[in-house]
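Undergrad: For this one, chain W is given, so just place chain E on it according to the hints.
Quick mapping for you: the protein sequence lines, in order, are chains W and E. Taking the working numbering, the leading residue of the first sequence gets 402, the next gets one more, and so forth. Taking the working numbering, the leading residue of the second sequence gets 10, the next gets one more, and so forth.
Derived by calculation from the structure, the hints in this document are not laboratory data. Treat the hints with caution; some may be incorrect.
To be verified - Derived list of chain E stretches under chain W, where covered just means 3 residues or more per stretch with a C-beta under 8 Å from a C-beta of chain W:
| hint | region |
| --- | --- |
| 1 | 146-160 |
| 2 | 169-181 |
| 3 | 194-204 |
| 4 | 286-298 |
Unchecked claim - Derived coverage of chain W by chain E (criterion: at least 3 residues anywhere in the stretch with Cβ under 8 Å from a Cβ of chain E; other residues may be distant):
| hint | region |
| --- | --- |
| 5 | 457-465 |
| 6 | 475-485 |
| 7 | 641-653 |
| 8 | 798-809 |
What the hints assert, rightly or not - Residues of chain W clear of chain E, computed beta-carbon distances all greater than 12 Å:
| hint | residue |
| --- | --- |
| 9 | S440 |
| 10 | P531 |
| 11 | T633 |
| 12 | A779 |
| 13 | E783 |
| 14 | T815 |
All of these numbers come straight from a predicted model, not from anything done at the bench. Beta carbons are placed, not taken as given, at the ideal position from N, Cα and C, and that holds for glycine.
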Amino acid sequence: MQSNNPSGLSRRTLAKAGLFGAAAAPLLAACGNDDEGGSGELSMMWWGSDPRHEYTRQIITAFEEANEGVSIEESVADWSGYWDALNVSVSGGNAPDVMQHEERYLREYAERNTLLALDDIGIDFSKLDPAVLAGGQLDGTTYGIGTGVNSLCLLVNPTIVEEAGLELPDDTTWSWEDFMAFIIDISAATDKVGNSAVSFNNEALFNVFARQKGESLYTPEGGLGFSPETMTEWWTMVNEALAAEAIPSATEVVEAAAAGQDQAPLATGAGATEFYWTNQVGALEAVLGGELLLLRVPGETSGTQPGLYLKPAMFWAASAETSDPDTVGELIDFLLNSDESIDLTLTDRGLPANLDQRERILPGLPDADKRGAEFITALTPELGEGPPVPPIGAGQIPDIMLRVYEPLLFGDLTPDQATEQFITESEAAIG
Amino acid sequence: MTDNEVAVAPTARRSTGGPPGPAATPDSPHPKRSRRTLRKSARRRESWAALSFLSPFIVGLLVITIGPMIASLYLSFTDYSLIGDANWIGLENYQRMLDDPRLLASIGVTFRYVFISVPLQLAMALALAMVLDRGVRGLPIYRSIFYLPSLLGGSVAIAIMWRQVFGTEGLVNQVLALFGIQGEGWISHPDYALDTLIILNVWTFGSPMVIFLAGLRQIPAMYYEAARVDGAGPVRRFFNITVPLLTPIIFFNLVLQIINAFQAFTQAFIVSGGKGGPSDSTLFYTLYLYDRGFTAFDMGYASALAWLLLMIIGLFTALNFLMSKFWVFYGD
Chain W
402 MQSNNPSGLS
412 RRTLAKAGLF
422 GAAAAPLLAA
432 CGNDDEGGSG
442 ELSMMWWGSD
452 PRHEYTRQII
462 TAFEEANEGV
472 SIEESVADWS
482 GYWDALNVSV
492 SGGNAPDVMQ
502 HEERYLREYA
512 ERNTLLALDD
522 IGIDFSKLDP
532 AVLAGGQLDG
542 TTYGIGTGVN
552 SLCLLVNPTI
562 VEEAGLELPD
572 DTTWSWEDFM
582 AFIIDISAAT
592 DKVGNSAVSF
602 NNEALFNVFA
612 RQKGESLYTP
622 EGGLGFSPET
632 MTEWWTMVNE
642 ALAAEAIPSA
652 TEVVEAAAAG
662 QDQAPLATGA
672 GATEFYWTNQ
682 VGALEAVLGG
692 ELLLLRVPGE
702 TSGTQPGLYL
712 KPAMFWAASA
722 ETSDPDTVGE
732 LIDFLLNSDE
742 SIDLTLTDRG
752 LPANLDQRER
762 ILPGLPDADK
772 RGAEFITALT
782 PELGEGPPVP
792 PIGAGQIPDI
802 MLRVYEPLLF
812 GDLTPDQATE
822 QFITESEAAI
832 G
Chain E
10 MTDNEVAVAP
20 TARRSTGGPP
30 GPAATPDSPH
40 PKRSRRTLRK
50 SARRRESWAA
60 LSFLSPFIVG
70 LLVITIGPMI
80 ASLYLSFTDY
90 SLIGDANWIG
100 LENYQRMLDD
110 PRLLASIGVT
120 FRYVFISVPL
130 QLAMALALAM
140 VLDRGVRGLP
150 IYRSIFYLPS
160 LLGGSVAIAI
170 MWRQVFGTEG
180 LVNQVLALFG
190 IQGEGWISHP
200 DYALDTLIIL
210 NVWTFGSPMV
220 IFLAGLRQIP
230 AMYYEAARVD
240 GAGPVRRFFN
250 ITVPLLTPII
260 FFNLVLQIIN
270 AFQAFTQAFI
280 VSGGKGGPSD
290 STLFYTLYLY
300 DRGFTAFDMG
310 YASALAWLLL
320 MIIGLFTALN
330 FLMSKFWVFY
340 GD
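Only chain E is shown next, with the shape it has when bound in the complex:
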C-alpha cells in the first residue's frame, strides 16, 4: 500500500502537467522524513481530488435520494396534505393500510403484472438471444432492432400507440377481423386491460436479451463440441450446458426486471388516463400511490405507501438472493 502511494504521487503530479520536483525523488537529503510528508500531503491531496470528483454523485445522493427518503419516512407518520402543515399521527397511516380495499386491489394487480410479465419477458429475451447467437449475418442491426423497444417501452408515445393498437377499432382487431373474429376493446375492458400492459412489458425484452447474448458468448464452444461428440441433441445441450452456465446472467436479469416491474408507472398512467381504470383493473401500486398523494391530497399516506413498496421490493430481492444459492451456478 505505502509503496503504491509513493509511486502514485509523482504520477499524479506528472499528470497535472508540472515536472516532478526534487522533493518527489527518493534520493533527496532526508529520505525518511520527506517520504512521510509526501505521503501525508499526497494522501490528503488525493482524498480531496477523490471527493471533488465524487461530489456530483455525493451531492446528488444526499439531496435527491437520501434527503427526500428521510423526509418521506417522517411524512409517513404525519397527516401531511401537501398544502397544510404536517401533524404527527404515529402509526395511523400504516394501520389504515390494513383496511384499504383499493390498496389490496393495487397489490393484486402489481403482483399479477410482475409475476406474469417478467418470466415471459426473460423467456422471450433468452429465446431471441439464442437465435441471434447462431451467428446471423448483420447481427448488430438485428440487435439494435430488438433492443429498440426497451428504449421506447416506458415512453409516453408507445403507451399512446398501445391504446390505439388494442382499441376496439385498433390494429389487433382489424387483423382478427380478417379471420372472422370479432375482437373486444382489449385495453378498455377490465378483464383484458392488464394483459395488454403485460404484453407491452414482454415486448421490451431487448435489454435482458443483450445481456443474455453477452452471457451466451462467454460459454466456451468446446463444451458444445464435446457434448455433440457424445451424442447430445440440441435440447439436451440447452438444458445441460447453456442453462447451467447462464444461471448467473438469468439471476441478474431476474433481479433487475422484477425491481423494474414493481415500479412500472408510465404505461398504466397513460393507458388509463392516470386513473388505473377501467374498474381499477390497471391500478398499479405506483399509480395508487400517486393517486393518494396528488389527487387525494393524502401525502402522509402516500409516503407510507412508498415505504411499504420499498419493503416489498426489498423482500423479493432478498428472497431472490437467498434462493439463488440453490440454483445459480458460478462455475467454480
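Isolated chain W (complex conformation):
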C-alpha cells in the first residue's frame, strides 16, 4: 500500500511498457538545454494516475503562460515504473529538473548529491507547515518539500457494521484488543470479512504500532528502532485474526493485494474494514458506491504515546544538475503556493503543505476529501513528533515485509521467525 498509488496491475504493466519512453523523455529534453544558465527550458517528472497527469498538465500550462519564455517538458509514469525510469535518467546524466520524490528514496538521492538544495532559489517557505518542511530536510538543508500530508486511518464500511448489529467503537480510546474483537464479531455475524488484511505488511502501519510503544521503525541514525518483541506481538495478532477467520484465507489475501486498490475487499464491499491513507478515501468510495467512515488507528491512548503521524504524501525535489535553478525555484513555488496550482490539486497530493491554502480550499472540497481533512485537523493537536527521514535502502522494506508476511499467513513461518527474518534482511538492506 503506497500512499496515493494503488499499484493496480494494469497501470504497472502500462508503465513498464512506457518505461523506456519515460526514461528517454528527459533525455530528449536535456538535449535542448543550453548550458548557459536560465534557458527557461525545464523537464519535469512525476508519478500518478490519469487524473493527476491531466490536472498537473493544466498547472504547467498556467505556469508557462505566467512566465514568458519558459517551457516545460513533462514525463509521467505510474508508481512502480517511475523509480526505474528516474534511476535510469539520473544515471544517464539526464535527471529531470523538477521531480516528484518520496521519503523512502529521498535520503538515497540526496546523499548521492543528485538533489539541489532548495533553500535559496526563491521558494517562499513562510506559509508552509514547519513540520512538513522538516520532513524533507537533512542536516538543515532542504532537499525535498512535502506537497501535503496524509494520515493513516481505519476505513469502515458502516453498512456492514449495521448488518452485523454492532455499535461503532469509540476510536479515540479503543485498543488493538478492541479492534480484534470488532473484526472477529463482524466476521462471525455476517458473510463479510472483518478486515481484508492487505495492510499488516505496510511498514508505516507497523511504525504506528511501534511508536505507540515508544519505539519506532527507524532511528534518526538510520537503524531499526523497534524491539523484536514488538514485531512478534504484531505477527501474533495477525495469526490470531487468521485463526478466528476475521481476515480472509492466505491465498485470498495474496490475491487481494495483487489485484490493487480498486479490487480490494473494502472497495468491492466484501470487507468491513481496512487501513488506508486519508487521501485514498475518495477513490475507494467511488468504487464502492457508498460512504466510508474514518476511524483512528487503534491503540492511540493505550500505549505510552500516540503513534499516528502526518506523512508528507510526496515531495517536490530538483536535480543538482539543473541548468536553470531560478526557474526551478519559481516552478516549485508555483506548485506549492499559487491559487491556480492548489485549486487544481486540492488534496490529491495530500492536504496542502501551505497552511493558508489549506484553510482556503477546505470549504470547497469534495465530501470525501473534506472528511479526510477534518480527520487530520482533529488529530493534529494530539500528535507527537514525526518519524525521521528513512535511511538509504528503505525502498526495499515493503518488499521485505511482504516476504515475511506471506509465509506467515501460509503457516510457513512462526511470528518469531518472521520477526527474525525481517530484522536480518532489513539490516542488510539499510546497511
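TA: Coordinates of chain E only, in the frame set by chain W:
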C-alpha cells in the same frame, strides 16, 4: 574463386541499371591488367556494398549487444548503484553470491521451471504434431490455432488472464466445483504458483510443434510402409522410425526451449506483481536480477548475476551439444 568474381562483377553492374562498359568485357586491349584492376575495384566495391548492407546488424550488435555486455562485465566488478559512481570492488559481488539464500532460492525455482516445463512442452508439441501429421482436413487452420499460444504466451495480457483463471474464484475452480471439489487459489499459493507458470509455458507448445511438423514431413513414407509390411505396430514404428529420424529436430527444440525457459521473465513478473511471490515461490532468476538492479539499487551485483546466468545457460547448452553425440542421429 577468381572466375566467380569476374563473373559477378558485370552482373552486379547490370543489376545497378548501368549498361556493361567496355572495360568489363574480357576482350579489351589489355586483358590481364584490366582484369586485375577490375577484380580489385570490384572486390572493394563489393566489400563496401556488403558492409553497408550489414551495417544495420553490425551497428546493432556493437551498440545494443556487445557494448552493453562489456559495460555490464565491468560493472559486475563495481558497486554501481544506478545513481552514484561505480567504484571498483574486485570480486566482492561474486563472493556475495556464495552467501545469498535468495539467489539459491531463485536458482531452485528456475531449475524446477526449466526441467519440468521444457520436457512436458516438447512432449505435448510432438504429440500434437503427430496428430496433425496424419493429414487432418483444414490443417493450416489447426496449425494456426495451436501456434497462437506461442505468440501470446509471453505477453502481459495472457499473464493477467492466467491470474484470473487460476485465482480462488477463477475458471479452474469453477470447473472443479462442478465435480464437488473445493479448489485452492492456485496462483496465490506458494505450493502451486510455480506449477501454474509451468502449465503456461507448456501451453505455448506451438513453435516447437510447427518445427516438429516440418521434421515429420521429411521422414520418407516408404520407411513406414516397409515397417508395416514387416508387421511393426504403431508403437514400434514410433520408437524405431519416427524418434530416431526426428532426433536432430528434438535436439534443436530442446536447446532452444531450454535457453528460452532460463530467461523467462514476463509471466512471473506479471503474475506475482514483480515480486516473485507468494513467499518467493515464483522468484525466477531473471526476476531476482531485476529486483536487485532496479529495486535495491544494486546494479553491480545485478550485473554479476547476469554474467552468472550467461554462464549457466552456456554450460547447459554446451552439455546439450556434448550429449547430443550419444543420441542424435543425423541419418548418415
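Undergrad: Report the numbers of all earlier hints that the structure fails to satisfy, in ascending order.
TA: 1 and 5
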